[in-house]
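A.B. asks: Each chain, written out:
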Amino acid sequence: MNLSLKQAGDVAGTKLVDLSTSSVRELNAALHALAADTNETFWKVAHPNGRHAIAAGLDAAIDIEIDGPVGYYCAGMNKRGRVIVNGNAGVGVGENMMSGFIHVKGDASQSAGATAHGGLLVIDGNASARCGISMKGIDIVVKGSVGHLSAFMGQAGTLTVLGDAGEALGDSLYEAKLFVRGSVAGLGADCIEKEMRDEHKALLASKLEAAGILGEVDIGEFRRYGSARTLYHFHVDNVSSY
Amino acid sequence: MCGIVGLFIKDPKLEPQLGAMLAEMLDVMCDRGPDSAGFAVYGSGSDGTVKLTLRGPAGTDFAAIGAALGHAVTARDTHAVLTVPAADEAATRAAIAGRFPEISVVGAGSRMELYKEVGLPADVARRFKLETMSGTHAIGHTRMATESAVTTDGAHPFSTGPDQCLVHNGSLSNHAGLRRRLEREGLTLTTENDSEVAAAYLTYRMRQGDTLGQALEHSLGDLDGFYTFVVGTESGFGVLRDPIACKPAVMAETDEYVAFGSEYRALAGLPGIENARVWEPEPAKVYFWDRAA
Chain A
1 MNLSLKQAGD VAGTKLVDLS TSSVRELNAA LHALAADTNE TFWKVAHPNG
51 RHAIAAGLDA AIDIEIDGPV GYYCAGMNKR GRVIVNGNAG VGVGENMMSG
101 FIHVKGDASQ SAGATAHGGL LVIDGNASAR CGISMKGIDI VVKGSVGHLS
151 AFMGQAGTLT VLGDAGEALG DSLYEAKLFV RGSVAGLGAD CIEKEMRDEH
201 KALLASKLEA AGILGEVDIG EFRRYGSART LYHFHVDNVS SY
Chain H
1 MCGIVGLFIK DPKLEPQLGA MLAEMLDVMC DRGPDSAGFA VYGSGSDGTV
51 KLTLRGPAGT DFAAIGAALG HAVTARDTHA VLTVPAADEA ATRAAIAGRF
101 PEISVVGAGS RMELYKEVGL PADVARRFKL ETMSGTHAIG HTRMATESAV
151 TTDGAHPFST GPDQCLVHNG SLSNHAGLRR RLEREGLTLT TENDSEVAAA
201 YLTYRMRQGD TLGQALEHSL GDLDGFYTFV VGTESGFGVL RDPIACKPAV
251 MAETDEYVAF GSEYRALAGL PGIENARVWE PEPAKVYFWD RAA
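Chains A and H are the protein sequences, given in the same order.
Here the first sequence stands for residues 1 to 242, where the numbers follow the UniProt record's numbering.
Here the second sequence stands for residues 1 to 293, where the numbers follow the UniProt record's numbering.
These are computed hints drawn from the structure, not numbers from a lab.
Keep in mind that the hints are not guaranteed to be accurate.
[Said to hold, decoys possible] With a cut-off of at most 25 Å between alpha-carbon atoms, the simulated PhoX-like pairs for lysine-lysine come out as follows:
# : chain 1 : residue 1 : chain 2 : residue 2
1 : H       : K10       : H       : K285
2 : H       : K285      : A       : K143
3 : H       : K129      : A       : K105
4 : A       : K44       : A       : K15
5 : H       : K10       : H       : K129
6 : A       : K143      : A       : K194
Just chain A, same shape as in the assembly:
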């Protein structure tokens, strides 16, 4: 299902919040007050103007469409929510997301999807440095390129990049799986290119499908990167270093 195609404005009973007249605190308080079985499942947010923490801390299976650029930590800690940003996102979009879906239709700044445990983050443009830093299970699909130190210390989940990756990709990586279609400026410590077997192609295909772009790009053009697993186990030869 391509969630990004669902337009909140098409649904009767949509709740509209205009941030030129309401505060982010009022918006978030209203969102946090929703009951698990709420009927208020479609929200539109107007005039975000780059404000921080919009729709942070969601814990409801609702759709929110934000009409314009957002600031830091948009939809941070999201659980079950489906958030569309019609613009660019600032630092830490979807940081610590647990589940749900976030679609940024512009670029994302640093640390997109940082530390996130689950859910899907799709970025139509570029993501800058540290995309997926310390990711713990999230799936991130970036249609453009990512900056330096992306997936730094990534523990679980997938990072799929249709464009290029910057310096030190996957530095100190644990078990996150990285797929890059374009060039990689450099691999970080303990990150290596790995064979792209059928199971990995199937995994990548499932992420592209979730992002609604399966068939639009050639899976054969992607390369897989992962951990060489030499850094994160204690090694007796290094005992003098401790």
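Put chain H on the given structure of chain A with help from the hints.
C.D. replies: Frame of chain A; chain H shown alone:
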């Protein structure tokens, strides 16, 4: 933290609104730096004259000082701009130092005026009537002090050469050694602030014949630490971030202007922003716009 903003006007029709646009940007960045604020505006001027920006204690009678020195003066709160023939600059500086020791010359150039004070940035901008100023480009800063005290001297921008100024978000780690080197090269630094060292470094490089763009390229090798810089010269406006992009930056460009903000919020009120090209400047990449180009 700190917030920095910059605006470079491409369409002369917007020049009368430069100050009003920058004031709104500074206002939004109060959250990032409530200690003090400052800005430099490149306004009118002519080749044969120098504008000296003076700073004095509250209540200074700048009109009387201008009259005593025999030069035109425009006062704005604790600051004033004294316009003198270029040939008289040295004599005027000496006269100020001798006769008005409480007055500092904080900026000089054919077009640059520089204002800074302790206080909430929105209040500082209003005290100086920034919204009434016109010009071709301007930079501004809202400060949350880390490396030195909250004083007017420690506020940005820093100016260490004619028509040159710099605002900085970040902190430098090799400023002490670099300061000694620059002082040996004959530069005068007046504070203990790390950002002033960055300004003086760029002044030094440009004295050696670098363009602003080349000076910024050299700073990638010689400055160690965190930084996002926005720099103004008589004709230009430059931006540089450190190689690991510790400090935030967003830029926007339309046919009418180029704008810089620490965050997009600072740009959100600019005319036509919804159709601007908005991007995050890349680390270790020099961005530079020049009026002559």
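A.B. asks: What are the numbers of the hints the structure violates, in ascending order?
C.D. replies: 3
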